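Engineer: Chain by chain, the residues run as shown.
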Amino acid sequence: MKIVLADDSRVMRQIVIRTLRQAGYTGHEILEAENGREAVDLVHREGPDLVLSDWNMPEMSGIDALSSLRGSGCNVPFGFVTSEGSDGMRERAALAGAAFLIAKPFTPEAFQEALAGFLGG
Amino acid sequence: MSSLLFESSRDDLEMLVGEVWSSHVDDRDGLEPAAPHPWSAEAGAATTPCWSGAVSVTGLWQALIAVDLAEPSAHALARGMLGLDEGEEPNRTDLGDAVGELANIVGGNVKSLMPGHHDLSLPVVANTLLEGATELLPQIVLDLAWRGEPVRVRVLALPPSSSHHDQFPEVSE
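Protein sequence lines correspond, in order, to chains U and Y. Take the first sequence: its position 72, counting from 1, is numbered 72 in the numbering used here, and each next residue is one higher. Take the second sequence: its position 27, counting from 1, is numbered 148 in the numbering used here, and each next residue is one higher.
FYI, nobody ran anything at the bench for these hints, they're computed from the structure. Every value quoted in this text rests on a predicted model; they were computed, and no experiment measured them. Note that the Cβ used here is the ideal one computed from N, Cα and C, for glycine as well. Hints are supplied without guarantee of correctness; some may be wrong.
[Stated by the list, open to error] Beyond 12 Å from chain U on every Cβ pair, some chain Y residues (computed): (1) R131; (2) D132; (3) R149; (4) E153; (5) A155; (6) P157; (7) D206; (8) G208; (9) E210; (10) H239; (11) N248; (12) L250; (13) T255; (14) P281.
[Said to hold, decoys possible] Among the chain Y residues that face chain U by a calculated CB cut under 10 Å, a handful are: (15) V141; (16) W160; (17) L203; (18) G204; (19) T214; (20) G229; (21) N230; (22) M235; (23) P236; (24) L243; (25) P244.
Extracted from the complex, chain U is given alone in its bound form:
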């Protein structure tokens, strides 16, 4: 499966990729984006099966990227991986159409719990 991974931190993208592997999700193609704008472009160009996105990014935030995708009729499963995991942020994410929100710091188990319905067990 194809996953778009958006985070302005290369270090965090590496951590997410490592955590996906530790959670047992291997063999998937990861397409990296440095901001929401790049993520939206990648989604339209590559048609991924899932988007994992940071919230707070330069150029375009994760929530704006999600709104842009939904506004264009794209319903790709979209989940946040963000340091802001309050109830308020989870509510905003859900209202915008996000499937889940994984809060940093996270564990492989948190990824398994969130992604099982999208990437299989």
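Fit chain Y to the known structure of chain U by using the hints.
Structural biologist: Same frame as chain U, but now just chain Y:
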């Protein structure tokens, strides 16, 4: 008016930072409480070569959350977060990225402890000590050590009686 107080305890913050460390930096050697380290020349000692990362929180609560790491700790942090071997040296871009992401995770979690809507800035990173604007007062300062080197986490905020600022609290080197 800034009308909120940061009411979480040192223990809450210490637990949060410890969780960040064990999840993303080092699951073997944890952070230990330590005596305050003289980070700046003003403290009467030579300046410690260090990296600082900081994020601002704006809203009813105006704050700056900063993490300070001695130079060797910043290198080890980047190695840990990137999964590099002990002998591998991260480049400056990755060093700044790792310190900034650490500030972002800690700051985002601190922001989540405050009721109401707040905005979180992108991280600011410097290869020197970052100071908050003078009107920001320390709410909690965690003096820690990791592998024998100093690490510090600061939560600075406007006192409740201060005037409201529309912009992010200033950061200076």
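Engineer: Taking the hints in turn, state whether each one holds.
Structural biologist: Each hint tested on the structure:
1. R131: holds (19 Å)
2. D132: holds (17 Å)
3. R149: Label holds. Min Cβ-Cβ 16 Å, cutoff 12 Å.
4. E153: holds (19 Å)
5. A155: Answer for A155 (chain Y): holds, closest chain U Cβ roughly 22 Å.
6. P157: holds (26 Å)
7. D206: holds (14 Å)
8. G208: holds (18 Å)
9. E210: The claim stands: E210 (chain Y) keeps its Cβ more than 12 Å from every Cβ of chain U (closest is about 15 Å).
10. H239: violated (9 Å)
11. N248: holds (16 Å)
12. L250: The claim stands: L250 (chain Y) keeps its Cβ more than 12 Å from every Cβ of chain U (closest is about 21 Å).
13. T255: holds (26 Å)
14. P281: Non-interface label stands for P281 (chain Y): nearest chain U Cβ at 21 Å, farther than 12 Å.
15. V141: Holds: closest Cβ of chain U sits about 5 Å from V141 (chain Y), inside 10 Å.
16. W160: With a minimum Cβ separation of about 24 Å from chain U (threshold 10 Å), the hint on W160 (chain Y) is violated.
17. L203: holds (5 Å)
18. G204: With a closest approach of 6 Å, the G204 (chain Y) hint holds.
19. T214: holds (8 Å)
20. G229: holds (3 Å)
21. N230: With a minimum Cβ separation of about 6 Å from chain U (threshold 10 Å), the hint on N230 (chain Y) holds.
22. M235: holds (8 Å)
23. P236: P236 (chain Y) check passes; min Cβ-Cβ to chain U is 9 Å, inside 10 Å.
24. L243: holds (6 Å)
25. P244: With a minimum Cβ separation of about 9 Å from chain U (threshold 10 Å), the hint on P244 (chain Y) holds.
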